[in-house]
Amino acid sequence: MNIELFLQYVVAGITYGTIYGIVAIGFNIIYNTTGIINFAQGEFVMLGGMAAVTFSRFLPLPAAILVAVLVTTAIGALIEILFIRWLHRPSVLRMIVITIGLSILIREVALHIWGESVRALPYFTGTSVTSFRLGGVYISPQVLWVVGISTVVVASLGGFFRYTLLGMQMRACAANRDAARLCGISAKNMVTFSFMLSAAIGALGGCIVSPITYVQYDSGVPLAIKGFTVAILGGLGNSLASAGAGMLLGILEAFSISLLPAAYKDAISVAILLVILFARPSGLFGSTEVTRLKEF
Amino acid sequence: MRGKSGVIIGIMALALFLGAGAQAAEPIRVGAILAVTGPASFLGGPEARTLEMLAEEVNAKGGINGHKVELFIMDSEGKPEKAVSFAKQLIEEKKVLAILGPSQSGETMQIKGIAEEGKTILLSCAAAEVIVNPVAKWVFKTPQKDSDAILWIFGQMKKMKISKIGFLSGNDGFGQAGKGQVEKLAPENGITILASDVYDKAASDLTAEVTKLKAAGAEAILNWSIVPAQSIVIKNARQIGFKGPIFQSHGFGNIKYVEAAGEAAEGVIFPAGRLLVVDVLPDSHPQKAILVKYKNEYEKKYKEDASTFGGHAWDAFMILAKAIEKAGSTDKEKVRDAIENLKGFVGTGGVFNFSAADHNGLGHDAFELQTVKKGKFALYGK
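So the sequences go chain by chain: A and B.
For the record, in the first sequence the residue sitting at position 107 is 110 according to the working numbering, with numbers rising by one throughout.
For the record, in the second sequence the residue sitting at position 242 is 319 according to the working numbering, with numbers rising by one throughout.
I should point out that these hints are in silico values taken from the structure, not numbers from a laboratory.
Keep in mind that this is a model prediction, so the values were computed, not measured.
Among the hints, a few may not be true.
Restricting the straight-line Cα-Cα distance to at most 20 Å, the calculated cross-link-like pairs of lysine to aspartate or glutamate (EDC-like) are [unchecked claim]:
(1) 377/B to 129/B
(2) 235/B to 194/B
(3) 159/B to 111/A
(4) 377/B to 134/B
(5) 278/B to 7/A
(6) 172/B to 147/B
(7) 156/B to 111/A
(8) 365/B to 445/B
(9) 156/B to 269/A
(10) 171/B to 193/B
(11) 370/B to 134/B
(12) 372/B to 414/B
(13) 320/B to 7/A
(14) 451/B to 336/B
(15) 165/B to 194/B
Covered by chain A, per the in silico footprint, the following chain B stretches (three or more residues, Cβ under 8 Å) [unchecked claim]:
(16) 279-292
(17) 315-323
(18) 330-340
Glycine included, C-beta positions come from ideal geometry on N, C-alpha and C.
Take these sequences, add in the hints, and give me the full structure.
Have a look at this one:
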């Protein structure tokens, strides 16, 4: 394998990895404040992409994306308020069943609204054939948009949790819900915020990747599986680690294609998930101590 | 008083008699198993809509031979196991005369045996040649043959002096069947496959796969699939700077695939039925009239572009209707024989000439080499 080919695989891997990473971050935010995995996370990504395609008929692209993100955020809040907020200390199993049910519900509603056809937003810069050459490697400008926007999201999330009052309140809830409540933080509101935030990030992700991957009423599921794998791989709850784990999985998948038939690509990521769950349940970057203290 | 009630009873009896008379022409029960939702919804969606439209139309005209058509459309979601249970249900419970569909080759192969066992006509809308080769007594199909599509493609490659290609196929039934045929026919036609790969229908980016083909030195890429992921191949190939021609199968015949690939679709070469290029077809062409009719009716009713896939369902339904008319009966055996003896039937896929040895009935000339110009389908080289 020459160096150009090697780099082309790396670029492909980074594209996959960023997409997975951004889904994984959505998982992490809700996990951090509630201790549950929101299996409807993939549906937020789908909703964002679908809504943006619809709005882009009436609005310029940036406005369409903004409105799509806001609408999905509102849906995230609504879901939390309607289905989760009134539950009193639900068990993990119950939450899993509820979120899986929600994911099916959202998918069916999307099928009725948009039908079964595949949609995509236009490329943000250039067209589907535009690419530029960098040291022998061809890169689509959309890949840069995806990587760039994802980087900004990860960075601003870090800042949000560290420096803003709301972010600190959410972290407090994640660390110790009872203590946070004693300090006057509304744990219930924080859970709503976390659903809104992860819906917003999912929706934004759905918008920026839709020119590359397309979006369909059921495209949330495969993304959620990959995102979940990455979230586990990085260590649940750690957004920065998810980004790194996403890259790792993406690049592994890209190189697996040069050796194995492409059909094995998904088998590889599931195999990795299993190995991690057996060998290092806390994830590559997580600490075993912390995992032991969490609820499951 | 007595006289009055006698009249009423008389009228009621008459009404009952007339009602019974109308009931005597029992509806013809036709099943359809289509991938209306799920990853193959690009096929099943238009197919289901086409069938609904046709059933409405036929029933408005009083049905076939005075029998109304009762249509049972089952959504297989593209899953073979669902197709299997629906096939059993349609044959055993609904006692249908015929099953139209399934949409995909994989599903069709799974229920081929069930149709044979249940002695029920199966008119598949799926393309793979294995469906009718070897011939099964009750199984027919309306889309053109894989091998003819491949011969069109290889013929064009020879004209362009291309002999080394990279080959990608989807991991669905259509892709697998095509892969088998391509690998079988390539050596006889002087085509060398330098690299090949199979991709998942849920794939989101295929840059790595096309990179592999480019690195192997492919002069052209042949991409054999019927699912939306095929558009990703075209896009990614152009993005990594692949300059050679890209060939697609007849599974590319939906304008949405072109829209999905955007500008990358320009110049793609593929064989397909004439529905896509009906606007530029000369009026003298035997298929022109029915193609225009189907396209206009479908597009008016559903406000979306007609595709060749919906056309396959059109052919399946109309072949069945024609056969029932000819047989003058709704007896399964007689209708089946009528299909097998149907000659010169003009459909959207071509002119069908069925025989005991050919349950597809379409020849090499059912295809026309096509391309994409400015986001629209056009005849290649014209």
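Against the structure, the hints come out as follows:
Taking the CA atoms of residue 377/B and residue 129/B, the gap is near 14 Å; set against the 20 Å cutoff, the hint holds. Between residue 235/B and residue 194/B, the direct Cα distance comes to roughly 44 Å. Violation of the 20 Å bound is thereby established for this hinted pair. At most 20 Å may separate the alpha-carbon atoms for a hinted pair to count; residue 159/B and residue 111/A meet this at roughly 18 Å. For the proposed pair residue 377/B and residue 134/B, the alpha carbon gap of about 14 Å is at most 20 Å, so the pair holds.
Annotation: proposed proximity of residue 278/B to residue 7/A is violated, straight-line Cα distance about 28 Å (limit 20 Å). Pair hint residue 172/B plus residue 147/B holds up; C-alpha atoms about 12 Å apart against a cutoff of 20 Å. As the CA atoms of residue 156/B and residue 111/A are separated by approximately 17 Å, the hinted pair is consistent with the 20 Å bound. About 14 Å separates the Cα atoms of residue 365/B and residue 445/B, which keeps this hinted pair within 20 Å; it holds.
As the CA atoms of residue 156/B and residue 269/A are separated by approximately 19 Å, the hinted pair is consistent with the 20 Å bound. For the proposed pair residue 171/B and residue 193/B, the alpha carbon gap of about 17 Å is at most 20 Å, so the pair holds. For the proposed pair residue 370/B and residue 134/B, the alpha carbon gap of about 13 Å is at most 20 Å, so the pair holds. For the hint pairing residue 372/B with residue 414/B, the CA-to-CA distance comes to about 30 Å; that exceeds 20 Å, so the pair is violated.
A distance of roughly 17 Å separates the Cα atoms of residue 320/B and residue 7/A; the hinted pair therefore holds under the 20 Å criterion. Note on residue 451/B and residue 336/B: the hinted pairing holds, with a Cα-Cα distance of about 11 Å set against a maximum of 20 Å. For the hint linking residue 165/B to residue 194/B, the alpha-carbon distance of about 10 Å falls within 20 Å, and the restraint holds. Under a criterion of three residues with beta carbons nearer than 8 Å to beta carbons of chain A, the stated coverage of the segment 279-292 of chain B is upheld, 11 such residues being counted.
Counting residues of the segment 315-323 of chain B whose C-beta sits closer than 8 Å to any C-beta of chain A gives 4, which meets the bar of three, so the coverage hint holds. For the segment 330-340 of chain B, the stated coverage by chain A is satisfied: 5 residues place a CB nearer than 8 Å to a CB of that chain, which reaches the threshold of 3.
Consistency note: the structure conflicts with the earlier hints numbered 2, 5, 12.
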